[in-house]
Amino acid sequence: MRPISLFAYLLVFLALPVVLADRYIESRALNLCSNSLEFTATYFNVRFTPKNRTIALSFNGRSSISGKVIAELVITVYGYTAMRKVLNPCDMDLEGLCPVRAGEIPVMNTNIKIPDTVISQIPGIAYTVPDLDASVRVYINASDTGRSITCLEAELSNGRTVYQPGVGWTTAIISGLGLAASAATSALGYSKAATHIAVNVLSLFGFMQSQAMFGMSSVHMPPIVQSWTQNFQWSMGIVRVGFLENICTWYQRSTGGQPSTIMADHAKKSIQVLKRSFQDNPLKRDGGAGADTHKSIVIHGIQRVGYKAGIEVTNIFLTGLIFFFFFATLAMVTIVIVRAGYKVLIKSGKIKDDEVRWKLVTKGILFRVILIGYPQMCILCLWEFTQRDSPAELILAAVMLMTTTFAIGLAAQRVAFLAKKSVKLYQNAAYILYTDPSCLNKWGFLYVQYQAKAYYFIIPALAYIIVKATFISLSQQAPVVQTIALVIIEASMLITVSILRPWMNKKTDIYNISIAAINVVNAIFLLIFSNIFSQPGILTGVMGVVFFAYNAVFSLVLLILVLIASICAVISKNPDTRYQPMRDDRESFIRSQSQHQLSTELDALSAAARNEKQFDSSNSTPSLVDVSSRYQPFKESNCDDIVQANHPSARLLWNDASAYQNSRSHVNMPIGQFPCTDQRSYSNSLANNDPAVLADTRRVQNNASPWQRGAGYD
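FYI, in mature numbering (1 follows the signal peptide of the UniProt record, and there is no 0) the residues of the sequence shown are -21 to -1, 1 to 693.
Keep in mind that the hints were calculated from the coordinates and are not lab data.
Values in this document were obtained by computation on a predicted structure and should not be read as measured data.
We put the CB at the ideal spot given by N, CA and C, even for glycine.
Be aware that one or more of the hints could be misleading.
Keeping only pairs whose Cα atoms sit at most 30 Å apart, straight-line, the calculated DSBU-like set for lysine-lysine is [said to hold, decoys possible]:
1) 329 - 552
2) 486 - 432
3) 30 - 92
4) 47 - 92
5) 403 - 322
Estimated spans, in silico, between C-beta atoms of each pair [to be verified]:
6) 551 - 311: 29 to 35 Å
7) 377 - 90: 49 to 55 Å
8) 83 - 311: 57 to 63 Å
9) 485 - 445: 24 to 30 Å
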């Protein structure tokens, strides 16, 4: 027998009473816990099965140890030293270990029988508790001089874990049901319920992405924390698909990269998931990855996430990128199918006309997909810059990062511009943002979850995502810096949302502020896990269990809330009655679109009666953004242009604005804020030139404009 045999025997003899077991106890990696290379194991796997009272031992390596040795064995559970004992192989009459002989250790597969007295010491709870943090460390010393020769360590597992595919599938299905319920209620005309459900689902998805981001942190985390956060990695596109792995490997080789072989060598090499301390990563990367034949492969952070998901380290970026494109394509295909269904219903006479602006809907959904996948792309693209898997993948990362950032930034800038123009024109940010269907369909994904007056909050929200993703992706080799930055980022976000409370109503504020608070607590826990406070090991182990407990409870609450809201929206006759009016009174603006459609139809009839061919009744009303941009009634130099404009939409926009201004005439408002210095002369002039304006004016005078009630600015 060799030193490894002594270690395996001692591992079972003394570690079984305190380690995990689900009818077996195993360790897949034997790691060095010292700088000595007198013993190295390329591959190590030991598995104890109480049913047949046997240890199945498989390993190979190299030893330069010779002579008589003694072993000090230390058993640690949740950071607590449960047992420390000195053993002499000569006293135990272990053949081949008294004395130890140096040389190459060939591939060995052997079974060792364990006495019943040892098996009887295993506590029952050891077979059921998942992800217990337990390890065995053996210090080998020379028996004559006491010189420390080497240190060996093995992490122990019983196969029980909180990382279950069912958890990921459940969260994904509930999120999908929520989005489906939101789409269905929106199609039925219940915009209030649809908005609330969609906002809650997106907040839930953001929380799951935050959980996944914490799991990507390179800091040491107890096994139960690693396993729990692994359940949400699907939200970052980290999902193993067999044929996809082959495609990624082929692409990398084809573009000059060298794929890693961690998963392929899983049965031949010792894979260490970094836990207690950082070492130099022996993973050699030259456009790919390899490993020294006498070293274990040490993985952490994003590499650990990919390894636990069964993905090669060099395939992580491409896997996430492909899944991003897959969901974007799936969304586009869904739109095509729905549009085809609309055409079928139109031909069958069940729908009068296809009034959906499909181009705007497609753009809006595509922007939504980009926003949902932006945290994923931001982290993986930045991380790829540090990995350099292949030149082509570097180009892909740069292009995707710039494209998605530009698209989201452009959308945010456009929303801010339109909101400011709306405030300038109508003293109300909600006017253009919610009245104009083109704006709402195309850019609404950025601001519908916020109050109209808090439209600007999308900018700090995007900054939060970018800064957080930057530290997670680029600080993989500096765990302490990474965790300190995360604490500062999450605390700043919590303070900001607690003060501004930007969401559309009180319940949504509570919902999202609670998520921000949990994120802060999680960041603090990660900081403690980094051992910056040099706390006792048992405290770290217990805090890992606490981390899992409160996150599991909070996630369950969020899932139940989304599920209840989705079910109620489907079975309720009027789901809008479950929700209080929003603070910015946006419903009145959204409802007014039907009024605009009716006005447009009347204008078309009027134009036809006057034999005016320039009015195209087949075309929908131009957006208020376009009209206001074209005529700009604030500038006096453009007042003549407005008077000369005969387009019915321009008259309608003017009448709505005039009604809104007249409704606020009791307020001390600067004269310069009115669209024109002489509204009466403008109205008379336009009325004299076009009798259709009289109808528009009567409609404005006889029907109180819904915008007179304001949008959170009164």
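A quick look at each hint next to the structure:
1. 329 - 552: Holds, at about 22 Å.
2. 486 - 432: Holds, at about 18 Å.
3. 30 - 92: 11 Å, holds
4. 47 - 92: 25 Å, holds
5. 403 - 322: Cα-Cα ~41 Å, so violated.
6. 551 - 311: 29 to 35 Å: 31 Å, holds
7. 377 - 90: 49 to 55 Å: Distance hint for residue 377, residue 90 holds at roughly 53 Å.
8. 83 - 311: 57 to 63 Å: 58 Å, holds
9. 485 - 445: 24 to 30 Å: 29 Å, holds
Going down the numbered hints, you'll see the structure goes against just number 5.
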